[in-house]
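*Asks:* All chains should be modelled from the sequences, with the hints used to inform the complete structure.
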Amino acid sequence: MPRPAGIFDNTQMGEACLAPTDMNKLKNTFDNLRDRHERAFIPFVTCGDPDMRVTKDLLLAYVEAGADIVEIGIPFTDPLADGPTIQRASERALASGATMEGALEMIADVRKKTDVPLVPMTYVNPVYQIGYEKFANLCHKAGADAVIISDLPPEEGAEWSAAAAKHNVGTVYLLAPTSNDNRVETVAKATTGFIYAVARMGVTGAKSDVPPEIGDLITRIGQHSDTPVCAGFGFSSPKQIRETCKSTSVDGIVVASALIDCFEKTSGSASERIAAAAKLAGELKAATRP
Amino acid sequence: MVALSELDAEYEKARRDPAFQEELQTLLRDYVGRPTPLYFAERLTEHFGGAKIYLKREDLLHTGAHKINNAVGQALLARRMGKPRLIAETGAGQHGVATATVAARFGFECDVYMGEEDMRRQELNVFRMRLLGTRVVGVGSGSKTLKDAMNEAMRDWVTNVRDTHYIVGTVAGPHPFPTMVRDFHAVIGQESKHQIQEHIGKLPDALVACIGGGSNAMGLFHEFVDDKDVRLIGVEGAGHGLKTPDHAAPLNRGSKGVLHGSLSYVMQDERGQILPTHSISAGLDYPGVGPEHSYLKDIGRAEYVAVTDKQALEALRLLCKLEGILPALESSHALAHLSTLAPELGKDGVIIVNLSGRGDKDVHTVQEAIG
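Protein sequence lines correspond, in order, to chains Y and E. For the first sequence, the tail end lands on 1401 under the numbering used here, and the numbers increase by one without skipping. For the second sequence, the tail end lands on 785 under the numbering used here, and the numbers increase by one without skipping.
Hints were generated in silico from the structure; no laboratory data involved. Computed from a predicted model, the values in this text were never measured in an experiment. Cβ atoms here follow ideal geometry from the backbone N, Cα and C, with glycine treated the same way. Be aware that one or more of the hints could be misleading.
To be verified - Selected chain E positions facing chain Y (in silico; Cβ < 10 Å): (1) Lys561; (2) Gln682; (3) Glu684; (4) Leu689.
As the list claims (entries may be wrong) - Straight-line distance between alpha carbons at most 27 Å, and here's what the computed DSSO-like set of lysine-lysine pairs gives: (5) E:Lys711 x E:Lys642; (6) Y:Lys1245 x Y:Lys1300; (7) Y:Lys1376 x E:Lys558; (8) E:Lys735 x Y:Lys1277; (9) Y:Lys1223 x Y:Lys1376; (10) Y:Lys1300 x Y:Lys1224; (11) E:Lys670 x Y:Lys1245; (12) E:Lys735 x E:Lys711; (13) Y:Lys1350 x Y:Lys1300.
*Replies:* Spelled out as structure tokens, the structure:
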């Protein structure tokens, strides 16, 4: 069977990247937050939207604004789990030439500047083309702490999980409100780093209400696992985040589309747009504090 | 994942339930119009001067294509599961029309996702779906064709999975869809096997069917997979030619990848990004293919060739002129391969071509293309 040419065969990254991954970084982050009765604020960036340089600056601005962990979207042509905002961001990024190599270089670059845990998110096909083992190694070398592969459920993910464990990279699997207790248990066991609780049925995209089912899902996950649980999909406002933190035992909140929307809508130079998104990030972070 | 395992379990139960099978058979006979004839195309046979050509007339089915076999089966399944709403993706509109039809027949609410480019080139089918009470949702992302419609249908499904059943229209997508859709279409091959025995007292030498996702081909092939002397030939859309990037032939030019929940041949770049496709036929304009076709290719059981837009158009005109049958552009791809295969097999040979759909929906496209 023909296989695409090995684009990572001659990568220079092995030499260029320092600061090897430390899976404890994620654990320490959650431990420290618990000590402070705080929840993690996890902003999301799409690599290469509009270009890698801006993504890097935006990411570091989020860290400056108080991000506890950053989720880094590596764009794929067919992002099945994502709504219109991230689809548009992915299309812009791909159109401007974003690649996996570029994303990993950017992550390695950011890693030199901050200790905040970095969690790349992508879809299974680009990873499959590189090979699970090789991708896990590349993520480790770049300094990523855990990886989310949105369309790879643990039922199909044994090979990836093993490769990730071997290279000391965490695997974040997703759980939806429809997951029954059996599945909650399976997914919780397979997850390292944190469990991603899909806060509402559907795809990503900013909404304004407190997701009605998230509390129940987090409670059910808690019955099977001590692994931290972070919720995402549809978080957009400080009020909504504050209420979710108050009414559930969630360990962190992921915000993606609302930040991208803000960055998209703001006019002006890249630094002005970054400043606007970072300001929103700061407000969202404040909502995760007691 | 939970929805998929529930569907899998329910389908396994339904499959073994005599009442389900009886209702399905009755509907296939009285509503859908099965069995379809296996027609000896005498003048087409004479024209090529080679093997005897038989056409499996799925174009004569209610709604005009094989897609209804699967739509009826899955609608019965959705009703068993107590889901009041159906969704579907469609390329040429045939699966959309089939789904809209069963939605009307059984009283489901129904939304069909269709790429904006396909809505333009299959306008007639868009109107038919609306007449049947279905909402047609245009998809303007990506290439605005079948792949993007499937993305959007999946997004709808994960959002509304509690009250919605997604009738995947081809033998692709996550398990159990590839096997389930194949099973609902396997009647095509079962009837053909019986009918060809009645015509000539033996099995054919070759089966030919077009491949987009591959449902009509899988339906015809499945019954014959163990009959090693019967060649199974799938015909992909070569668009402007396999040497150009403008085609839809993953089995001929793709590589292994994961799209829409299954591992199969996919048209992609070296970084695993899915490539745009082109085929004059909206139903074949898809960068992936059902995983069982990839399997049949890898084990050497089936052969996969491709014909260009131009060849398909010629075949369409030929069938009109010689047999008085207007085939769908999709099916015309299968017919176009006859000019190679019929002479190759010679006068002793026998070929069954799956005439998977009728071409009324394509007259605009054909008019545009041939002027």
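*Asks:* Take the hints in turn and mark each one as holding or not.
*Replies:* The hints, checked one at a time:
Given the 10 Å rule on beta carbons, the hint for Lys561 (chain E) holds: about 7 Å separates it from the nearest Cβ of chain Y. Interface restraint check: Gln682 (chain E) against chain Y, minimum CB-CB distance 7 Å, threshold 10 Å, status holds. Interface restraint check: Glu684 (chain E) against chain Y, minimum CB-CB distance 4 Å, threshold 10 Å, status holds. Below 10 Å, beta-carbon pairs count as interface contacts, and Leu689 (chain E) has one with chain Y at about 8 Å; its hint therefore holds.
For the suggested pair Lys711 (chain E) and Lys642 (chain E), the alpha carbons sit about 14 Å apart, so the restraint of at most 27 Å is met. Taking the CA atoms of Lys1245 (chain Y) and Lys1300 (chain Y), the gap is about 24 Å. The hint holds against a cut of 27 Å. At roughly 25 Å between alpha-carbon atoms, Lys1376 (chain Y) and Lys558 (chain E) fall within 27 Å of each other, so this suggested pair holds. With a C-alpha separation of about 65 Å, the suggested pairing of Lys735 (chain E) with Lys1277 (chain Y) is violated against the 27 Å cut-off.
For the proposed pair Lys1223 (chain Y) and Lys1376 (chain Y), the alpha carbon gap of about 30 Å is over 27 Å, so the pair is violated. For the suggested pair Lys1300 (chain Y) and Lys1224 (chain Y), the alpha carbons sit about 33 Å apart, so the restraint of at most 27 Å is broken. Note on Lys670 (chain E) and Lys1245 (chain Y): the hinted pairing holds, with a Cα-Cα distance of about 17 Å set against a maximum of 27 Å. Our distance criterion of 27 Å between C-alpha atoms is broken by Lys735 (chain E) and Lys711 (chain E), whose separation comes to about 34 Å.
A threshold of 27 Å between alpha carbons decides the hint, and for Lys1350 (chain Y) with Lys1300 (chain Y) the separation of about 32 Å lies outside it, so the pair is violated.
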